[in-house]
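Given two chains presented individually in distinct reference frames, assemble the corresponding complex, making use of the accompanying hints.
Below are the chains, spelled out letter by letter.
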Amino acid sequence: MSTRRLIVEPRGLASTRLKLLVPVASVIAALIVAGIFLLLTGESPVEVYAKMLDASFGSQRGIAETMISATPLILTGVAAAIAFKMQVWNIGGEGQFLMGAIFSAGIAIWLGDGFPATVMIPAVVIAGGLGGAFWAAVSAIPRVYLGTNEIITTLMLNFIAINFVNFLIFGSSSPWRDSAVATFPTGRPIPDAARLPEFFFRLDVGIFIAIVLAIIAWYLMGKTRWGFAVRVAGDSTDTARYAGISVPRKILGVFLLSGAFAGFAGGLFVSGPVGALDPRSLILNLGFTGIIVAALARLNLIAIIPVAVLMGALNNSGPALQSIGVPTATVSMLQGAILLFAVAGEFLIENRIRRPESVTVAANPEPETA
Amino acid sequence: MSTSNGEPLAVELRNVDKAFYGVKANDNVSFELARGEVHALLGENGAGKSTLCSILAGLYRPDAGEMWFEGKPALFKTPKDALAAGVGMVYQHFRLVSNLTVAENLALGHHDQGVRLDQKELARAAEELGERYDLAVDPTARIWQLSVGEQQRVEILKLLYRDAKILILDEPTAVLTPQEGQALFKTMRQLAGEGRSIIFVSHKLDEVKQVSDRVTVLRNGKTVGGVATKDADARELARMMVGRDLELPTRSASAPPGEVMFSVSDVRVLSDRGLEAVRGVSFEVRAGEIVGIAGVSGNGQRELAQGLVGLRRLTAGRVEIDGEDVTSDTVLERIDKGLAYVPQSRLGMGLAPGLTTEENLALKAFRRPPYSRGRTLVASAFRDEGARQIEQYDIRGVRPGLPIRLLSGGNLQKALLAREVELEPKVLILRSPTRGLDVGATEAVRNQILAEGVRGTAVLLISEDLDELMALADRLLVIYEGEIVGEMQTEEATSERLGLLMAGQRVEESA
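Those sequence lines, one after another, are chains A and B. Residue numbers for the first sequence follow this note's numbering, beginning at 2 and rising by one. Residue numbers for the second sequence follow this note's numbering, beginning at 621 and rising by one.
This is chain B alone, in the form it adopts within the complex (with noise of 0.2 Å):
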């Protein structure tokens, strides 16, 4: 098989099959990678894109299905075999050892340098590496300095380092800001320039518009379509990915927002590594308002909206729910005066991964009627609750005894706001609600998130994708480093001026 000038494709997969647990992951998939391209994989969440990459990089092996590698059949059983043939993935979740540098990282796993480690060879060659693409690290800066866009930049770099053809990016832009990602872009152009072949993985349609020559859409598994992106209208490729036409629902005219109803002052929080993760955060949300908070991953955010809720200790500063200072109460106090949190961690803290879905949602509620008399549980209330919740949640896959675990991303995340929007909470935080969720589940916690601030509650919802922050928010603040750098109302918000106070950049504030 060969493109039309001769050459033969960099990659082809031919009817590949790949399941999970009985659930076909790739779908008889096919997919053909030239040399020199940027090719874009789009797709929603769980529609088979990280397979299908992991399938290239050696990380997992078809169960079905043909692989070409430059014209020749072939099936890489390790990540290393396919390193060897220049087949190289930066994952979403990075593969670098945090205690070692930069150029130590880019030794990892090669061993055809003899038994001394040339430290100064290592980092002439990242720095040379860095100045041609434009990724400027410095090599002898240990990885657990770098922030993650600097991470990311190493990734490539070790790719580099070992001569990749073929570079599978897996949604790099989902931790950088705007301008990060236009910095990456510049560089993946740069890298096909020079007949290396590049996967690009994301579901935002504008950013496969602008970086690549070609698209595969997969959805459920299965390809749905390869166009070239010139060709490729925005409207019709979102077709495809969804399979319907969609808009997801944005904030309307808001009314006009009541008391203060949330209001945390000069709040300071150590991390694990007892740093100072949040360095004296204050803000107010009032009864109906959606406030926003934006930055890049790792930027005190966790902390952050730990301590609000109690999971961390305070080492000052204070938080009052509707004008009652709170700060020194327990999480089941908080809970109690109507605070009421979704994480980021569904299965690791919002849910008991081993529990019912109606257990689950009697979580919180369980210590009081319907779900208990006295000190005893109501079974009927479990099971009748239990029900009327996830018929009004639509939460889908629930059997009885199922433990919640093996319900999807979205019908676990509709059932953790279902939970905390039935305590009918005064507060409510929430940590990047709709990631890795479908747009269908997308869909359903933006309208869930929506009514909850005209049922009048003070919504804090704290994000890293900017896109929902700008849909959902009426107000938004900026956090870089723990510090709150920016403010402003979402008719005033453009991603660029986002991108900037992400990246820690103040700006000039026109009057």
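Here chain A stands alone, though its shape is the one from the complex (with noise of 0.2 Å):
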């Protein structure tokens, strides 16, 4: 009898060479099952990526709405990324995200008219984040204290703060929203001071803001004495313990850190291109997307960055397809099925697959003499 069977084994240290590459290989695996997808429903593939490469990339004003669109996923991104660096598996992304932009709108709303933009920005900003950290800081005392299990509570928690914003807008007469306007509810555009500069056709200094953020996500967590406790609680809560680290002072501060980038990114995406409370333009999955591109990023910090980017691309390139009678939600499920490749792929990153040589057992009846 011989058995001819594939062996996985882990392969330890994996190449760098190859960590770049599975990603790369992901996104194009992705492409060529959903170009099968669109050749069944009668699309030529061709035609429509060209037309999402032209949206996204083709002209100046399409990089700006790409950048615009990658701003919050960078930031998103890394909210995911830094929590799950630690096993916090917050995946309330978007519900932070959401409660940061309540609270950045309500700040510049509050504020009024009488600050300069010196003060704006910084409080639309900083009110984000502790808007995110707040929403975070539902699941994360719970989670740390009493040990509830947070994947369950951030997911419940964004849908509350999805109807939360539905309900300031469209429930209620509430400051966040437009009293000016009595046909269709919308948000309150904030004070222009609040609002971040333009310098690139639509695109804001949003996008530098967050990937300053990102770069001090970055260091945080790779170059200080905290961040270092945070990896090795993150590796194993037991060794953390024996070295002396308060793994729930650690888990909370993650937790809380995580929310906050969403919270930024809300916060940015309310002073930016959106200008007010409305929920027609801000829920848009971008705190969902956030996992999709740490997951890409494999949890990299700076690749999150031309990561988001390439999300961002995408994101922006749906409206277009619709010009050509193909329905956006093709772009969700490019990244669908992108995420799905980059976590089977991570298998490979972490496994080598390799063909048995040759295998025979018992094979030969007439024994030999020793």
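Think of the hints as simulated: they come from the structure by calculation, not from any bench. All of these numbers come straight from a predicted model, not from anything done at the bench.
For lysine-lysine, the following DSS-like pairs were computed, each having C-alpha atoms within a straight-line distance of at most 30 Å: (1) B/K957 <-> A/K224; (2) B/K1046 <-> B/K957; (3) A/K20 <-> B/K644.
Where chain A lies over chain B, by a calculated footprint (3+ residues, C-beta under 8 Å): (4) 972 to 981; (5) 986 to 996.
Glycine included, every Cβ here is placed at the ideal spot set by N, Cα and C.
Below, the structure is given as structure tokens:
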């Protein structure tokens, strides 16, 4: 009897080339699979992809729009990545993003017109972070002190936040709602001084704030004592306890920081392209997409920046597809396919698959003499 | 293939290969087991003994090679196949269901007895087998109520209940007192006398000499040789096992110990189950003294060590380091006051498995210079200090960026101990520091412990390995069910005396 099975074994240390190759290959594989679907629905994948590429990068305006879409994704990606590194499964980026948006718009409206931009912009950005951290705390505190499952609580809190935003605008006459518009409820525009200055078509300085914040997160996690302790605790809680690291405090800190980053994204989106707490412009799954960004960047806080640009380009190209009669949902399908391939690719980074060297087990019916 | 008297061999393996993660655990191994013999499999940890046994027991399938069973080619796909053919194994970690009774455990996985479980019949069978083979255990007792030695008997009874013809015992004496070990050997001889074959895995030469008929020695996954035990010379076996002549370091006449550096009085600690696992333990360790705590695993050693370092709350008692009360201090405060700890579980507690060796070497000192300046880490210190310690403590297999979990057990322990020693502690607590290490690493670790004693550290060595305790400790304490039941200078200790104490029998002290 002989067996011929492929052997799967842990790889140990994957090369940098491989770590780069696998995400790129995941994207390509996703494009191919989505292309097959497009063919089945009678579309030409080449034409669709060309249109998407053109919409995202084919013009200066397209590039500006892509970067606008990328800005919140950088921050929600960082939010997901720092939590996941610590084995804190915060999938509440969506809710924390919206809570950040509520806080940002709220402070801008509350402060009103009397303040210069040098006060207003820091205020909206910080308020966004506080809002996200507050919403994360609702999950984080019971997680740390009562051991509740944060996957469930953060997920549920997303829906509460979504409904709360809808309530503020559609269901109540809250200060966030624009009282001047009687026809269809919209968010009240925030004061101009709270708006981020635009410098390239509609692209505002939020992109730089996002990149700087991502770099700060990278520094905090990789280059500080606190970050080291977090990495130890994320790797093994028993080891952290043994080394005198307070694990509950680290979990709490990371959880709140993660929420703050999602909240920053909300704040920058409100004070950047949207300019109001407007449900239709804000509830775009930017928090959820951040999880895809983090996974595709393999939780590398710097790699998140280019990955967010890619995902931003995809998001941005959706509307353009409608002009050629292809549903916008194609973009969601592509994003889903990319995530699936990236997760599957992770297995190839961790493991190696090889053919066994010739294997025969008890194959010889005639025993040799020893 | 058959023996000289024409009877087929019970089992034969020819040219078996088995690799894990690209490392050959068994490399062209051949092995013959005759009917009615006790066959010792001798080798260091990592030599491939357990892999070979697991292949025989159907747990692993070989990558290449042949397996013959009672003269016919065979391949066991699962442990169930193997057991059906009469091959059973007692693993180092028992496969018992702790909430079930002894009798119920016997019935587990035994499907040919209908729907109804005849408890009485099972209990009767267990009792009868236990009596016949000197393996008495109460069939109605639940597994968690039994001592480790009794649980092992249940494992053997399980195999006999299935009428296994070949019994594989993987390091069975590791969890036994010397006296329990002797009882097991008697049972093994009796089983062999009935024509059953026994594979006895060990790395202890004296045991192998005492109980086995033949010895096969493995080294680095290869068979080095097989000899009849009566023709084997202990020195020669040791050389075959290790590949060179080797004397493990032992303490020399020690300098008189200094001041009391570590003082523990009437300490009480609860186990995870909430039972009192440490029941009023008191002792002192002086600077430069190595004090050993002997005991069979599970007698409160884990809870004691964790209580002393602050990982587990003391329900009563007092702990002092260099005259200072640290009873209510946190883990970190105790580290800062000079308490170092080498836990038993290296990757589970002592090291962060996913971080690099350099990062692990800084696991406790990262809060202070040179590793950090203010709140910022100094990357160059991680690199330079890491390189120095890797060199100085001979930690092998390190590559940049490589997670430490990929190092071998010996190198893990060298790194762990290096980190603790680099703290220049006043008190060093170690649990089973050489467990699972090969001889070379054992030598390095023992030397390091002895050097700490010479440096003036108060060393507390908690171990189940009597040879190690007798070789290193100045003074020995024996722990049994959470209490210190004996104390003696190492010169006065014999394994018989320690064994009796470890089994809970208070010895009459002759003055």
